[in-house]
Amino acid sequence: MNTLDTDVLVIGGGSTGAGVAWDSALRGLHVTLVDRQDFATGTSGRFHGLLHSGGRYAVKDPGSARECAAENRILRQVAADCLEDTGGLFVSTPEDDLEYADRFLAAAGAAGMEIEEIPVGVALRDEPRLNPKIRRAFRVQDGSIDSWKMISALLRGAQAHGATVLPYHKVVRVIRQGDRVEGAVMEDQRTGEEVQVNAGCVVNAAGAWSGQVAQLAGCEVGVRPGKGVMVAINHRLARAVLNRCHMPSDGDIIVPVRTVSVIGTTDHPVADPDDTECSPEEVHQMIEAGELLVPGFKESRALRVWSGSRPLLPKTEGSAGAGDREVSRSHTVLDHGARDGLEGLVTIAGGKFTTLRLMAEDTVDVVVGKLGRGAECRTRTEVLPGSESHRFYWIGNRQQEAETDPPDDPLICECELVSQHDLDTVVARRPSWRLDDIRRALRVGMGPCQGGFCAFRVAGMLHQEGRYGRAEANSALREFVQERWKGVKVISWGAQARQTRLDRWIFEGVYDLEHLPE
Amino acid sequence: MTEVAWGAEAWSEVRASLDRCIKCTVCETACPVAAVTELFPGPKTVGPQAERFRTGGHSPDLSVDYCSGCGICSRVCPQEVRIAELNSRARSELKRERGAPLRDQLVARPGLLGRAGRPVAPLFNWAMANSLIRWAGERTVGIHRKAPVPRSTTRTFSYWVGHHVGTRSARRVVYFHGCSTQWYEPYVGQKVTAILEHNGFQVVIPKQDCCGLPLQSNGLFPAARKAVTKLARQLVPDGTGDLPVISSSTSCGLMLKREAREILGADSPELRSVSARTYDIFEFLLELHQRGELRTDFKPVPLTVAYHAPCQQQNQLIGKPALEILRLIPGLRLVELDRSCCGIAGTYGVKREKYEIAMRVGEPLFADIQAEGPDLVACDSETCRWQISAATGATSVHPLEILHRAYGGS
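Chains A and B supply the protein sequences, listed in that same order.
If you read the first sequence in our numbering, its first letter stands for residue 27, the second for the next number, and so on.
If you read the second sequence in our numbering, its first letter stands for residue 443, the second for the next number, and so on.
Think of the hints as simulated: they come from the structure by calculation, not from any bench.
Some hints could be false.
To be verified - Below 25 Å or equal to it, Euclidean Cα-Cα: the simulated SDA-like pairs (lysine to any residue) are: (1) A:K324 / B:K668; (2) B:K465 / A:L150; (3) B:K537 / A:L150; (4) B:K465 / A:L124; (5) B:K465 / A:K159; (6) A:K159 / A:L124; (7) B:K668 / B:R540; (8) B:K537 / A:G422; (9) B:K465 / A:E325; (10) B:K465 / A:N224; (11) A:K512 / B:C466; (12) B:K588 / A:E509.
Okay, chain B solo, but in the shape it has when bound:
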């Protein structure tokens, strides 16, 4: 019961939004998960409909755990019912009552795996590619043997930051890089820093931990709240209290922008402040461009790039700023992939019982990519990139990597 009282105001608002449902069923027709499996009855069914039968304390339904949390339902709802948020809360209640399996505890903490893998990265990467070990991992832990896992690296992003001599400037931004940049893809952070510095910014990169999003999507709310509250404090080092906070991970950016307060009910002065100042990297660059401040000294990039806007980026309701910026690059052939979800939804698709569902969800996207046969697939979200590469064999990159190349980077 204390659980509900935490952030009661935000929670009451989400719950009250069920009153706006008129059962039009638009969400059910847009849900990519319900379209491919009967295990998930659909967002209206487990959302505003089932919520009337929940009072906390004892969850009547288990199927809500098959919601991937992609958030498309909330986005398409013409009545602004907070469907995905309702589902997320219901799942957290479920986990609180019944406990979360070790597997969920594990995938919910990317820093834990990152830390464990780093000192022995080659061994870790070999193990993750070894089918026997993966088979054992599926049987014992429940992570599907074919599920995409990132490659570990011995040199973390913070190691690079420690050796990086940044430019000094009166125009400063704070960079929130997230766990995947820290542990798996430090080059993404390096390129973000380079792009921002190229545009005349001094990049402040404070020490930072996980935003708690994977904890949240696995229903582990108390730990998630703790994580995001701590992160918000970390992102306000002395004298940076009014700087833009730039995120290059769409899902983690959304966590800071909205979900921490609206789903978790987390609240602190730092969180409120950071939340209001957080920008997606391309959202920030597009605003610069609209003010005529973005450098456009682009070199041609003679490639065909297929762009997929991930769900969590779409849920930020900022359009597709990456597309608009990439369109400025000469020589680039840009193909917009107009599909809803790749299926992975963070950690959903790595789970043994959900892997097949996630692959079916992503099937239309994968088919488009294979038909197009681009040189690269660009996507703002790391887990989506891993899923797309694993499913199609295509090389996938963050769109800012293409921008970095246009600026003359390698």
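This is chain A alone, in the form it adopts within the complex:
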């Protein structure tokens, strides 16, 4: 068995884990990060993509609102390349209480948010699809986050400072010496080989799965996975994030992220964070709710539906070691030494993507205290790789680049404008065995055709280049198409139903996908 020695072992390759890895590496600690799958496959890759201004929490959860407002400002400075500066609007629809709007305005100011009430006419001019019956409108600093870009940048940054990152390494055992956690054994999901990592401190950053990881160490973390359903609409219905100005509820936010508009979300407790089923009822509820913000919403083409599990931590879990921050939708650092008498293990739970940097800072502060070494946190000012120019990405970037693509570099994914060169670059940088990993890196298969035209191209090219054997290419293709179908089957009506039918003809009629040789 391979053995590695490290200062900090981070379990979980979502936004939190990647943030912890980046923070630790900047403090001069050696860090190893593992995930049971590819990075950003859990909750972080399954959210609506909102960079919170704080507005959503302003009234209900002022602590979270303050954190969001502050972290939003910092991320804009250090991670511009992972963000789009869409701006956001909070609008009072005919069903929203106007008195809430006054409370909202006061609370937003108190949370340190930049907020401005604008005339309804101005809001409607900027957003022609917005409900013309809105009565008040507030402009805030919402934005959208490309979760894959962000996590990838954090990991690349950590690696540049010596970190080791191991995708597809699932923790099978936690190594304990009496009351002390000293590392963990991982199994490579691709080869079955085991790797042992000895660590000065283990950080459980498994989010909604952190209860499962804690159990391996022999302690309890009462994380409650809260499932949220989201639906992506085929194109941007608005330039800015649209929020209903009311007490947060289901389906009251539409986020323009990349080429789509995402409406979210719901909140249902689930026993298993891997339960990602979306019921037709949840989807319909979401789509009906969209009508209030954008009339005609339900006639728009729903492209895909998915769900993610929030890592909610009930208040009874309390907070320890992270100072006196009030417990809320904010995060909590659990020092298992103080809490359970089990040293060498720290769990970070709760929180949200927007506050990933703060979560990492608070966590690594505790880790540094335990290890007795490590420098001051630098993530407030250290710019992530790719964001050096401080330019936000822009939805038109790919279209602009496609204009200059040479003719011998054809598009393989027309919906999301991915060229053969893009594919070659990503595959060379990060060899992978699943098409879904390539999808996350490039957005291949995430457009209107949901892989109908690009999936077989990618599989075929990887086979031609010798990266896939025949059987591998066939099973990768089958798996990818199956995965895409999961997100489409509940919304197969209207335009998407026609697309699905065409895609099926391609896969079954042309390729006979069901009977490809193993």
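Got chain A; can you put chain B on it based on the hints?
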């Protein structure tokens, strides 16, 4: 941003139509421009595909300017995606951000050239035929030296109208003649009037300006909206609020029928009213004929005529009514040219950088005409007639000129 809000409803509808694209690529195979140049990536690519990457404010792509606006893509799309309309909007955004060159401003205003040329028509026509002047015009303004330009005339159509004593009748129609009849081909308007009067109509010809179509196809939307809104007012003189409006220019007729509202997002009570009452001249005559009201006292016309249905006429979705009417004329040998586009697409083919593309687009049509060697080529659209004549040397006429001859006109 105010730009988008203008006619936001119509625009939202066009943009939302991209949702219906299933990437079947039928439009790409039918596009006559993409078939001949790599500078235009194709209607699906710059239409429903690129539109997802546009949010207004800053255009990510320039190649959409190579769309000729012929509208074939929208017509062939089995999912009813408004592809040409999407492209037209995207081009207008582009022009708004980057400004339109003087050349586009110029060709977009046929009345301007018409007015300038009229007092000195012989000189103007000589200049337009002078290769040195045309060469200079290409270098300085960007109008291709070989591009077809109309011949100016000293007597405008409105001058003729002022001296014309029309028949009085209880059955009245409004005639929308358009700029080319006004400034370059007044005889077309005279023949339309004669045909309608021959069939017992009183023809009301109000003073009228440009419909704004060339402004629109050059991406100059605010000016185009102003023009078409003004025209709609002009076309409703007192007491004519329910009369048919007859157009003899297919592209300008389409502007009134649909494009003003669907592409420009223009809207006014007059425009809505005129839009609903606008007929292509042959569409109107065919309806008369179907009711048994068209006079068919035709004299034989012993000619071979090759007929080309222009794109903008096809986009009216009224079939080919000119063909059906001309078929009634004894002695006429009618050849239907079954080709898509002559390439000119209004003002597209006169531009220095697009002339060659336009000529390649029209090549199959030109080859058919040359193989057939007809006495006349008939085509409902003026710019197409000029392009066909320039490219093939054939004499081209409006099909109503043949009808006029059959009625005994000269």
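Against the structure, the hints come out as follows:
no., hint, verdict
1, A:K324 / B:K668, "violated (34 Å)"
2, B:K465 / A:L150, "violated (32 Å)"
3, B:K537 / A:L150, "holds (24 Å)"
4, B:K465 / A:L124, "violated (45 Å)"
5, B:K465 / A:K159, "violated (35 Å)"
6, A:K159 / A:L124, "holds (13 Å)"
7, B:K668 / B:R540, "holds (21 Å)"
8, B:K537 / A:G422, "holds (17 Å)"
9, B:K465 / A:E325, "holds (19 Å)"
10, B:K465 / A:N224, "violated (52 Å)"
11, A:K512 / B:C466, "holds (23 Å)"
12, B:K588 / A:E509, "violated (57 Å)"
Checked against the numbered hints given earlier, the structure breaks hints 1, 2, 4, 5, 10, 12 and satisfies all the rest.
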